[in-house]
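**Q** Chains as they are written, first to last, in this note's numbering: chain A, 4 to 529; chain B, 42 to 339; chain C, 8 to 346; chain D, -14 to 318.
Hints may be right or wrong, so weigh each one.
[Stated by the list, open to error] Straight-line Cα separation of at most 25 Å, PhoX-like style, residue types lysine-lysine; simulated pairs:
no.: 1; chain 1: B; residue 1: K300; chain 2: C; residue 2: K257
no.: 2; chain 1: A; residue 1: K236; chain 2: C; residue 2: K10
no.: 3; chain 1: A; residue 1: K355; chain 2: B; residue 2: K67
no.: 4; chain 1: A; residue 1: K332; chain 2: B; residue 2: K102
no.: 5; chain 1: A; residue 1: K355; chain 2: B; residue 2: K102
[Claimed, not checked] If we take Cβ atoms under 7 Å as the criterion, some of the chain C residues that face chain A in the derived model are:
no.: 6; residue: G39
no.: 7; residue: A42
no.: 8; residue: L326
Treat the hints as calculated values from the structure; they're not laboratory data. The beta carbon of each residue, even a glycine, is placed where N, CA and C say it ideally should be.
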Amino acid sequence: MRIPRLGATDNVAVINGYPVITADPATASDWYDTETMYNLYSPLVYPAPEGGVRAHLATSWEPVGGDFTRWRFVLRQGVKFHSGNELTAEDVAFSMTRFIAMGRGNSGPLGKVTAAVVDRYTVDFVLDKPSAIFPDLLVLFFPVEKAVVLANVKAGNYGEFGDYGEDWLTTHDAGTGPYRMTGHIPGQRLDAVRFVDYFEGWSNAGWGPDEVPIEQLVFIMETDYTTLMTLLKSGGLDLEINGGWTLPQLGEIKKDSTLAFSSVWAQNVTVWMNSKVPPTDDEHFRKAILYAFDYEGIVGPWMQFGNGETGILLPNMPGYVAIDPQPRKQNLERARQELALSKYAKDLKNVKVSFHFCGGLGFEEEVGLQLQADMAQLGVTVEVTGPPWPQYSAECSSPETTPNMTIFLFGPQSAPTHDYYTYAMFAPKGLGWIFEAHWFFDDPEIIRILDATRAEPDSAKRLALYEQVQPLIASHALAFYPYQKPTLFARQAYIVGPQETIVFIGPSENMHMWRINMKAKEAMGR
Amino acid sequence: MRESTKADLLAAWRQRRRNLAHGWYKYSRNPLSVLGLVILVLVLFVAIFAPYIAPYPGHAKAYTNFRDASQAPSAQHFFGTDRIGRDIFSRTLFGYRFSLMIGAVVLGLGVAPGVILGLIAGYRRGTWVEVVIMRVTDVFLAVPPLVLALAITAMLTPNLINQMMAIALVWWPWYSRLVFSLASSLRNEYFVKEAELTGASQFHILFREILPNCFAPIMTKMTLDMGLVILIESTLSFVGLGVQPPKPALGTMVAEGAKRLPAEWWSTIFPALAIVIVILAFNLIGDGLRDVFAVEDV
Amino acid sequence: MAKYIGLRLLQSVFVLFGLSLLIFFIARVVPGDPARQALGLLASQEQVERVREQMHLNDSFPVQYYYWLRSLLHGDLGVSSYTRRSVASDLAQYIPATLELILFATLISFVVGQVTGVLAGYFRNSWFDGVSRLVSYLGIATPSFVVAILLLFVFSQVLKLAPGIGRIPIMMQPPPVRTGFMMVDGLLAGRLDVTVTALKHLLLPAFSLAVIHIAQEGRITRTSIVETMQKDYITLHKVHGIRTSRILFKYLLRPSIIPTVTVMGLDFAFLMSNAFLVETVYMWPGFSRYAMTAMLNKDLNAIVAVVLVIGITFALVNLIVDIIIMFLDPTVRLRQGGA
Amino acid sequence: MPNASLLLEIRDLHVGFRIFEGHLRVLAGVTLWVAEGERVGLVGETGCGKTTTVKSVLRVLPIPPAIVTSGEILYRGRDVLRMHRRALHVLRREELTAIFQDPLQSLNPVFTVGSQLRDIVRDSMRTPEGRVLSRREIEARCIQALEETGMPDPERIMSNYPIQLSGGMRQRVCIAEALSTTARLLLADEPTTNLDVTIQDQILRKLDRLVDQKGSSVLMITHSMGVVRDLTQRIYIMYAGSIVETGPTRQLLASPKHPYTQGLMASVPRLTGRGVSEGIPGRIPNYLEPPPGCRFHPRCPHRMPECSVEAPPMSDVGADQRAACYLYRRSPS
């Protein structure tokens, strides 16, 4: 008896991701928040596949007054909110003031911004410090409808605005996105239905004859992959966008004709080497680690799923420069030479290297164990420990407390992506904390180029700067990159998409880019 | 004087030998109890001499071999290999070391104080003594072992002994509750009344009169807890507090393996079986000891 | 009896007060920066500082406790930095889900545990005793989440039945929440289909949780049954011709169940904080999972509230157990000062 | 061949216990019988196997460690030891009943006296038409049973727990339990030993009158001569696991023939104050290696060589009285 199909004929997509932390655009910060934002709201500017941004809610924008502290945005006309009212500059200005006033989520990188309405469809943003790449940062700023928010304000500590409608927005939405929220139980489930009057429309250009827009979305938040495999096989799950499958499960999905994969953006497995704590304070010692690690050994069985070589940027990103070691293979001979040059060459035996990974994450532990075994061949002992996340992330708050090596998975979640992987991770005024656990800011040339990237409005020239800075950073061996971990979206065969591959978390999960083949679903019928 | 003390000693020693023999007779009457003892000795032997018995002693230390990871049980690898390519059979043998240690430390530190406090509280039921002890028990019962372990690893160095102490700290209340309910019933028994009438000391009443009668449930709970304690290590490892890699521990191996069920069933089933064997041994011994101490009227 | 209960409730208040002090201290000592957890990965240092101020994190421990206690007295448990909602509304949503699950699990473990315990004790050293003993050791040794996963695998891949994952199927419209207990809410809303499906969805997770307790409680009952069997009054019951089933499940069980009842109470309260692994496998939006996330993400307000809830559960359960024992064992009640 | 008119007949019963030290051979060939309506006494010192005999008849011996090596226990000609469980249950419900020695242990501590009595009556009593008694009938029957034992205010007693009653009152409840249903044969294992003398006498006389009313036969086990003298027609004297002498009570007590019985009678303190009796030298034998032949021979003043060879058969010593002793070998029974 086949497993009875769950809702065989319903036009619905059940999507699994990390638990949604919050559905309020002003406080959304994590991956799944961003992914839901792109469904319920629309940003002013949309990330472009070739990097940089393109028109979306704003049709055009330019700096005013020549010193990049004032930017003018012209809005698209006739854009409807879910309530049916039209989007105006008034809403956008209110949203920016709210975004900055609440001061959480993704407002950090913007600094202090004040908004001024010029006319019904034009708004100015005044920055507290000049920034040439300000428009690129707005891919995570989502306008809300002022009237609806103010109508649902509760007591709060924002003066006359009370709680700025934060409580109401956790279970409702005031956005313009392709889907409208119908219910949200935090940490459990979020329901949404298609917004027919979405301003980009639902044209069938580029889609097959039976591929229709998905009418209903159910975002669920399950972390156990045995359960997810059961759901996937019983048809209870249509699309899984965390990509946490184990190797055998990936094999199983690959063999099953009713299931398929979509590989969209990849995550950069990064192992920082703390340049301020012995023995990794010695550049040659760090280089030795770079060459001692057995890249092929750890990636081997995963190669078929695209876990290839990676660098400071991700290979699928324009402007990617391959960095040492080339070819990406273990080179014990070169590693011994580097070790000999390092100041710890003589007493390798009592040198202690600490490698911390986040407790409970198997793939991070595997990298640690692989390094531990490789370094053991060079006579260096590596201690691998996995403290729980709060302790692990707290350790990286200062150079002294940061272990020699810490491993992280950096998905392209912040905008603009190139800036996130370079300025935010290597500039002194970058994100700090776990994003700069190498604590190396001693090369003035790197800092000069990174500052230049933030002052260069032209995206092509900016790209050239990024290409120039990557080898320079790599020369100091501040990190080694075991492999890139592509996020494989497992899906039912009748779910088709995404239409555009955009290397950034959010747009690729915008269900406006996905379609459902209802005929195929009914045919499968199980 | 010296002559008699020597004779007394000899008599006492012979008496103890006879008691021991009598105890062994009662214990060995049930073949299962003997089986339990044999298994335990085997497990101890295996744990101690693991480096010599295990086919791949190196796999318990820093070793990775992703090429032949996750292989099914075969001639080379009796229990197959885990996701990092290490031989599960060898790691299970080494894993016994840690599991037995955590069991001994937690039950050792946890049971005795709990039983004593429970006895006192039960015997003096209705007085402020009961109130104080039992309410403190309620406080410690409520603290989840995980939070305590997290806190202790922050305050003290996160080595294994501290974590085990953390678990022992939340384990004693279980026994004080159990013994409390037993003692409050037993204290109305006639042999206790008679002991009180004949002016027996508190110590005698508690430990010679009441405790032996609570012995059976305590022994049952203690041997059953052995399993729970070994497994609690897997909860700790779940959040990175258990045994630090690459050292193997049965609880962690079961937890890790469970994620790869059902395709790679061997990575969780065999360590789980290893735990079953240890628990089987402890429980059979527990049942046997209960026969020795059980009150038998012939 | 009423006086006794009143006294015990008063004592529980002190217990909870002591517990809140202890856990408040422990939660602060657990590593990690709660402000950083609340704001997410990309928050700037300056934002983190402002939130630390808002949460009084920089104040001394007694001051923090004062603020927390003051808001508690106003019925405000603070906001969870994980779900960004008031902890009170989180608890109201999650507690009934876990309660429904562990009540069901305790029921299963009571019925199955006691029946096997009595029979194993009565027919001591028979084949049944041997088999039930080995099965219970297996039950104890296998962690609940392995049992959960194996059951899931058996029902989904082997028996090809759609296993009940989650409290009700994803596509089913949940009834209006009145009590939080899905089966009860279904009845109240007059939707029998919800109640029936909810019951079906309860079976697998409840049984996975019950396995260890069936083994434990069954063994303890068996042990005390073996002891009670040797008493004269049991022989006399037999001689006077009382039916065997009545002797088994009335005259033999009641005196033997006293140690078991205590352990059963503890097991019930234990599940409140330890069902999270099974809840994860069955997508069960329960309090236990919420508690685990709070502890892992150092969600201060939630940790303290969660441990208080567990504390209340233990206090209440122990009180109920003590009352049950008083009724089970009149000698305790009569000496205690009379019902 | 089984004698049909006999109610209970124990034939050459051998019972032992396997313990650490070895094999305790307690009963070494006990033979006795009780006829319909007869009241028989079984007298012996503590530890001579009286209770083991009773428990064997009721088939409540804890096996292991006990083992019945040989012999039969015939009740109305059917061997109790080989009875099927179902038949045994019917036997206990309708025929046999018992009262044990220690009233403190004979009542279930966690149930009221009433609930225990009611269950006995409900499970083992049937109306003449074979119908189960109604609740009212059961209640009435329980109250009546308690009243028959001379219990004051039976309604209150019904709702009390055993812990709330004195030893004497508890024993009355045990008697009520034993005699509340039709009891063809009552096995009383030292029913009053744990009570003080005044209560003892009341209870025994009440027990005697009740047994008369019901016409049930009694096997009274005791170690006190006074108890058997008034209440039994025939007695067996038991020593170290075997019957040494039997006969009509008054006649045997007046002129005991077996040396052990003579010693026993001599050691009963006389009210007439003729000095304290000498008692019997030596101690009862160790069942691990019981003395061969007649187990009393080590302590017997008339010891003869053949006494230690083989156990003496029962011999007639006149007027229905028989003793197992070679002194009277001339007339084997």
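**Q** The structure should be examined with respect to each hint, and the outcome stated for every one.
**A** Hints, verified against the model:
1. B:K300 / C:K257: Violated. B:K300 to C:K257 sits at ~45 Å, over the 25 Å cutoff.
2. A:K236 / C:K10: Roughly 58 Å between the alpha carbons, so the hint for A:K236 and C:K10 is violated.
3. A:K355 / B:K67: violated, 55 Å
4. A:K332 / B:K102: Holds: A:K332 and B:K102 sit about 24 Å apart, inside 25 Å.
5. A:K355 / B:K102: Within the cut-off at roughly 16 Å; holds.
6. G39: At about 2 Å, which falls below the 7 Å cut-off, the nearest Cβ of chain A leaves the hint on C:G39 intact, so it holds.
7. A42: violated, 11 Å
8. L326: With a minimum Cβ separation of about 32 Å from chain A (threshold 7 Å), the hint on C:L326 is violated.
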